Amino acid sequence: GENVEQHPSTLSVQEGDSAVIKCTYSDSASNYFPWYKQELGKRPQLIIDIRSNVGEKKDQRIAVTLNKTAKHFSLHITETQPEDSAVYFCAASITASKLTFGTGTRLQVTL
Amino acid sequence: NAGVMQNPRHLVRRRGQEARLRCSPMKGHSHVYWYRQLPEEGLKFMVYLQKENIIDESGMPKERFSAEFPKEGPSILRIQQVVRGDSAAYFCASSPGDNTEAFFGQGTRLTVV
Chain A
1 GENVEQHPST LSVQEGDSAV IKCTYSDSAS NYFPWYKQEL GKRPQLIIDI
51 RSNVGEKKDQ RIAVTLNKTA KHFSLHITET QPEDSAVYFC AASITASKLT
101 FGTGTRLQVT L
Chain B
1001 NAGVMQNPRH LVRRRGQEAR LRCSPMKGHS HVYWYRQLPE EGLKFMVYLQ
1051 KENIIDESGM PKERFSAEFP KEGPSILRIQ QVVRGDSAAY FCASSPGDNT
1101 EAFFGQGTRL TVV
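Residue numbers (the numbering used here), protein chains in the order written: chain A, 1 to 111; chain B, 1001 to 1113.
Now the in silico label distances, taken between C-beta atoms and shown as ranges:
| id | chain 1 | residue 1 | chain 2 | residue 2 | range |
| --- | --- | --- | --- | --- | --- |
| 1 | A | T95 | B | K1071 | 19 to 25 angstroms |
| 2 | A | E5 | B | E1101 | 22 to 28 angstroms |
| 3 | A | P82 | B | D1056 | 38 to 44 angstroms |
| 4 | B | G1003 | A | L111 | 30 to 36 angstroms |
| 5 | B | G1073 | A | G16 | 48 to 54 angstroms |
| 6 | A | L111 | B | P1008 | 35 to 41 angstroms |
| 7 | B | N1007 | A | N53 | 34 to 40 angstroms |
| 8 | B | G1085 | A | E56 | 37 to 43 angstroms |
Lysine-lysine pairs mimicking DSS-like chemistry, simulated, CA-CA at most 25 angstroms apart:
| id | chain 1 | residue 1 | chain 2 | residue 2 |
| --- | --- | --- | --- | --- |
| 9 | A | K22 | B | K1044 |
| 10 | B | K1027 | A | K42 |
| 11 | A | K71 | B | K1044 |
Calculated from the structure, these hints are not laboratory results. As the structure is a prediction and not an experimental result, all values here were calculated from the model. Backbone N, C-alpha and C define an ideal beta-carbon position, used for all residues, glycine too.
Isolated chain A (complex conformation) (with noise of 0.2 angstroms):
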């Protein structure tokens, strides 16, 4: 089966810096690679999402990139606010129905 695997677990940086989160995965059949936003206690927000026929993705400040061939894909997050402090997860699946998560990356973003 497909396995997710995520890095850094934890990631610190100043207010305006940027912050990447990285993701690898096993299974060459998988095509939907989506990020979820989690805040303490509530449920995973779908932030972007990608499929395998884009390399790229950019919405506002948080952009997503693809790369088949090495099988990672990378969350990129510019001028970051402290409302971005949250535990971000990768996931990927062949649909978008049973996903595969990476382990998280809490991002802490300080003043």
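We have chain A already, so just place chain B on it with the hints.
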């Protein structure tokens, strides 16, 4: 359009009791997924259901756990004879199709004492 509704939000059970977790999908969604999140860990897929059918239960423990999504009413995740290791957050998600974004509910936090 209300989001995915899960209840209860918090559930405390003694060891050996049964836990029943409910999930009402978003309106128009016929696909339901259950995930379990242990403390400080990511979400693990448990089961994928459509109305009256279990499509994929490859993530369900072999014993004590069962799930259903009847023709009428919410999806139910049932855990019999709970043990302390079952303590976790259980999230339900729904989607209108099998290759579309899934929306998560607020989760049920099960504590076994």
